[in-house]
Each structure stands twice: as structure tokens, then as C-alpha cells.
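So you can see what is in the structure, the chains are spelled out below.
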Amino acid sequence: MAANPGTLESPRRARGPAFRVDFGPSGVRIGGKLELADAGALWRVLRTAVRRAKPPALVIDLEGVESADAGALALLVEVRNELAARGLRADLRGVSETLAPLVALYEGEEHGEPPPARARRFRRRARRKKPEGMVAQIGRRTVELGAGAKNIVTFVGDLAVSAMTVAKRPAAGHWREVTPLVERMGADAVPIVLLINFLVGFVMAFQAARQLTMFGANLYVADLVGIAHTRELAPLMTAIIVCGRSGAAIAAEIGSMKVAEEVDALRTLGLSPVAWLVIPRTLALLIVVPILTLLADVIGILGGLAVGITTLGLTTTGYLSEIKKSVVPFDVGTGLIKSIAFALAIALVASQQGFAASGGAEGVGKRTTTTVVTTLFVLVLIDTFFTVLFRTLGV
Amino acid sequence: MEPIVDVKHLSVGWGDTVLLEDLSFQVGKGEVFAVLGGSGAGKSTLLRFLVGLERPLAGEIDVAGKGAPDLDAGLPPFGVMFQGGALFGSMTVGENVGLALQEWTSLPPDAIRAIARAKLRLVGMEDAIDKLPSELSGGMKKRAAIARALALDPDLIFLDEPSAGLDPVTSAELDELLVTLNKTLGLSVVVVTHELESVFDIAHRCVLLDKEAKGIVAEGDPRELRGSSDPRVSAFFQRRTRHG
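The listed protein sequences derive, respectively, from chains A and B. Position 179 (the first sequence) corresponds to 179 in my numbering; numbering is contiguous. Position 235 (the second sequence) corresponds to 235 in my numbering; numbering is contiguous.
One thing to keep in mind: the hints can contain errors.
Facing chain B, from chain A, some residues (calculated, C-beta under 7 Å) [claimed, not checked]:
# : residue
1 : A260
2 : E262
3 : R267
4 : T268
5 : G270
Per the computed footprint, the stretches of chain B lying under chain A, defined by three or more beta-carbons under 8 Å from a beta-carbon of chain A, are [what the hints assert, rightly or not]:
# : segment
6 : 33-47
7 : 100-106
Taking beta-carbon pairs under 10 Å as the criterion, some of the chain B residues facing chain A (in silico) [stated by the list, open to error]:
#  : residue
8  : V51
9  : L53
10 : R55
11 : G74
12 : L75
13 : P76
14 : G79
15 : Q83
16 : G84
17 : A145
18 : A149
19 : A151
20 : D160
No lab work stands behind these hints, which were simulated from the structure alone. This structure is a prediction, so every number in the text was calculated from the model and none was measured. By construction, the Cβ of each residue, glycine as well, lies at the ideal position given by its N, Cα and C atoms.
I would like the entire structure built from these sequences, with the hints used as guidance.
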């Protein structure tokens, strides 16, 4: 190679010899030690060499290389492949006998492959890396959405068939699991449901207290808390808590079983995964969510009572008798109707997402996140639907 | 040879992607049959289609003279051992083995436990009957999964990579177990593997799948196929790279 128009040394030179590059008219000569720790500097040098490269070939002379680690060699090979895709030849010269097999492995070169064939291969690879166009992205996403919708319809169909099978032949259900599920999803959730709903009732009463005092309507805090909590907030807040606890758990559990082939194993034992996994979980939620909602009704009203006694000068008897006057059984009933719909939504979304999991732990994590987000959206939709429906019906 | 598995012109794949096409082979009753091939050749995928977990793109599968397996129709006439064991994590080993008995027989619980214990003894796992799968090693999980697959005494068992990831001693013990079950019970075995030593030890016949050919490139006695003149076949059986 001709004399050197420019020399660049590794920034690690201060700590001892690393690598040295001399640019020549036909290529670069690299010497010293090629280490992964210097990869950033080496990569910049090689990019410069690639920009300066002129047809037909760039010569990369490695004769002065004392040692090279695998990562640094990978960069050299990548440059060679990039040049091949541009129709230029990159001649790696002076590769020691020790390093030659490693270079061949990094190139993934077919044995005996002539340079034009290699160039074609890398051009194809370069073409494949082209970013997807907007139309293609929209198309791909549409197809994915279509496939997702098809999966949901298939799941609902499977569920309906399994529910009928279990109804006809109760032995096909996995009933033993319902009791522990009720305990896990219901009893274990009681403390957090009570705490959150007490605070919700408390905050609602506290916010309203100032306005009510201005109008001398302190007692009406009971009406506000009683009706708003039983009809709206208790079922919704309870469902949100159950979604975060049990919905996520259902998706993660079924998703983990799916990726560990346990769902397939169930099928090869002649058992229906829907009957075995979904129906017990749905049933457990249908039992616990209304019960938790009832507890939430009571504790939310007590939250309002705490504010009534401490800041509005109400008596317990006065507050509770106002509650008795304003809250009719149908207020509690509408909340319970909503809670049943919420329970169904949580169970179905979580199970469907669990069965859709694939690809290991990351896939399970994604499906669990999707479960919580989708379910929260569905809960609000259902709540809106019922609120409008009850108002329209005048109940 | 009376076939227990009869595959005719089978094509398998996902959506528009055909992984293997026009596969035809038979597994005889009482035979240990190996499905061989390199990584990504489609061995485990083929097994999923053979046991009815997926629907073929084309072709016919007949298992035990009952046509293509329909897993939605009830208990299939075979047992399956999955690659990682696929034991149910919320159940003990004994409950895993006893599950099929509990669901498909009217045996009382103590009889189910006795049978589960016997099946676990068969695979050298009797002491683990009350353990959870998370407490077991990889080899123990696979052995427990074999016990579960044998719970209802099927005539045929499918095994997906039983020796993968096991130490040589455990692997040899598993092979010995399969040979014993085959000889004593007349159990037909379809095993997906790429462990050559295991294949030579236990398989009566095999098919070799090839990713590029998208099909079977060799069928027969593995000991005879070792000397095949086809470079794809000899490379596999002699552990050579295709370049020599």
C-alpha cells in the first residue's frame, strides 16, 4: 500500500497500544490490537474508509494486526458485506491463519461462493432491510387487527360451546378450582376494596361538604354519597381493583400455561382448556365481584359518614336515616347488575389475552398489560352503557 | 406391518407458509419410530399435527385406525410427552399423573393415587409423588410427563425431544425406559429427536426431515441410513457439516 495520507490512532493509545490505521489510496492498513473496547473508534475509521473507497476494490490490510477479538472482526466483516452490496470488492489481506476461520464464520459465506454471488446475496439482504412503507404498515396492521378480531370471535365461540358442554355434562368442568379461586380473587381482595372505597366515599363527601354547607344542606351529603356510590362508584372502583389484581393474574397464569405447552397438554388429555381454565375463573369472578361491590357500598357510605360527623356536624343516626330515605334497593341493584357485567368482562378479556400469549415471558408480560388496559376501557364502556340505559328507562 | 400411525401426503405449516409437504409414512404397531431432522426442520411442528393440536394444510393422518385425532371429541387414543414436560404447575406430580384417571374413569381417589404412584415407580419417580413440578429437575419433569402420558395405558405414545438438555446418564435411563416399555407392554413410540446415540439405541425405524427439501429425505433403519450415499442423510447420521 502507498504512503499514508492520514493516520488515525485509537483513543486508548494513552493506555498502551491498541490499533493503528493508515489510509492509503487503495485502502487501509490496520495494525496493533483490535479489541472490542476500541470498537467505537474502529467503526468510525472503517466508515471513513468506506466513504473513501473507490471501485473496484477497497483493500483492508490486516498484516500488522497482532491480535483481534471476535467483536472487532465482526465490524470488519460487516464493512466488507456493505461494500459487496454496493458492488465493490473488499479484499481482506494479511488475515492470519488463526483468524481466517473466524472471518469465514462471520461472513456466513457459502463454501466456494464466487464474489458476484456473494455480492448478490448481500444486495438482497440490504434490500430486505429497507424500512416498511406507510401503505405496507397500514396493510400489515389491518391484517393483524383482522386476525385479532377473528381470534376473539373464535374464543367467544369456543367459550359458548364449552359452557353448553359443561351445562350438559357438569363433570367436564373443573369445579374443584372454584373455591380456591373465590378465596384468592375475593377474600384476599377485601382489605384493598374496603380501603379504596372508604377513601372514595370520604373524598366525595369532603369535596361536596363546602358547597353543601354554603346552602345549609349538610344532611344531603348522605344522599350524594349513598346514590353516587351504590349506583356508580362502588361497582366501578371494585371492578377496577379486581381487574388489576385478578384480571392480570388470570392473563398471566393462562399465558404462562400457554407458552409452557400446558394448555396443549390439557388438550391431549382430552380436556377442554376453556372448560378447565376459563369457566371456573369466570364463575369465581361472578361470585366475588357482586359480593365485593356490596361491601364497597357499605364502606363507601361509612366514608361519607366520617366526613359528615367530623366536618358537617351530622349525627350517625341522622346520616343513616337520610341514607335509608334516599337510597332505594334498586340503586344497589343497578350497581350489582353492573358488577355482574364487569365480572364477565374481566374474566373474558383476561382469558382471551392469556390464550393469545406466545413467545415466552415477554409475550406473557405484553398480554398482561393489554389485559389491564383493554379491561379498563371495556369497564368504562359498560358503565356508560348501563348508566345511559338506566336513565333512559327512568330507573 | 400393521400401522398404528398412517400419514398420507401430509402438508403442514402456518397460514400461507408451508413447512413440510407431501409427507407419507407409516408407524407400525409395537414399533419405536423416530422423527429426525436438524433444528428448524419441523420435527416438533409435525408432532403437533400428528397428535391433532393443529389442522393439516393437506393430506391425511390416521392414528390407531380412528382417523385424524380430534382432541375436542374427548380422550385421544395415545399419550403425549411435551418437550419441557408441560406438567401443570398448580398440581403435585401425583395429581398430574392422576388427572386423566380422575377425568376419564370412575375410580375412587385412593385407587387413582395408587395407580399414579405405580406409574411414577415405573419411571423411577415414586418419591416425588407429592412434589410440585417447580421442585423437579429437567430430567425428572420429563420422566413425570412420560408417567402422565402412560396413565391410561395407551398403545401409542408421542415424545417430543425426551433427551434434549439431559445429562448422558439420565438420557440413557430414559432410553432404557422406553425400550423396556416397548418390549414389555408392546407400546408403540413415536419420538421426535436429534440425539443420534439415542436413535441408534432405541429406534427401529425413522424418517429424516430436511428443512430445504421441505420433506422426508430418508426413511428406514437408522443404522442402515448411516451409510447412505445422499450427502444430506450421511451428514446428519455421521455428524458432519454439509461442506465436508
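Violated constraints from the hint list, given by number and in increasing order: 6, 10
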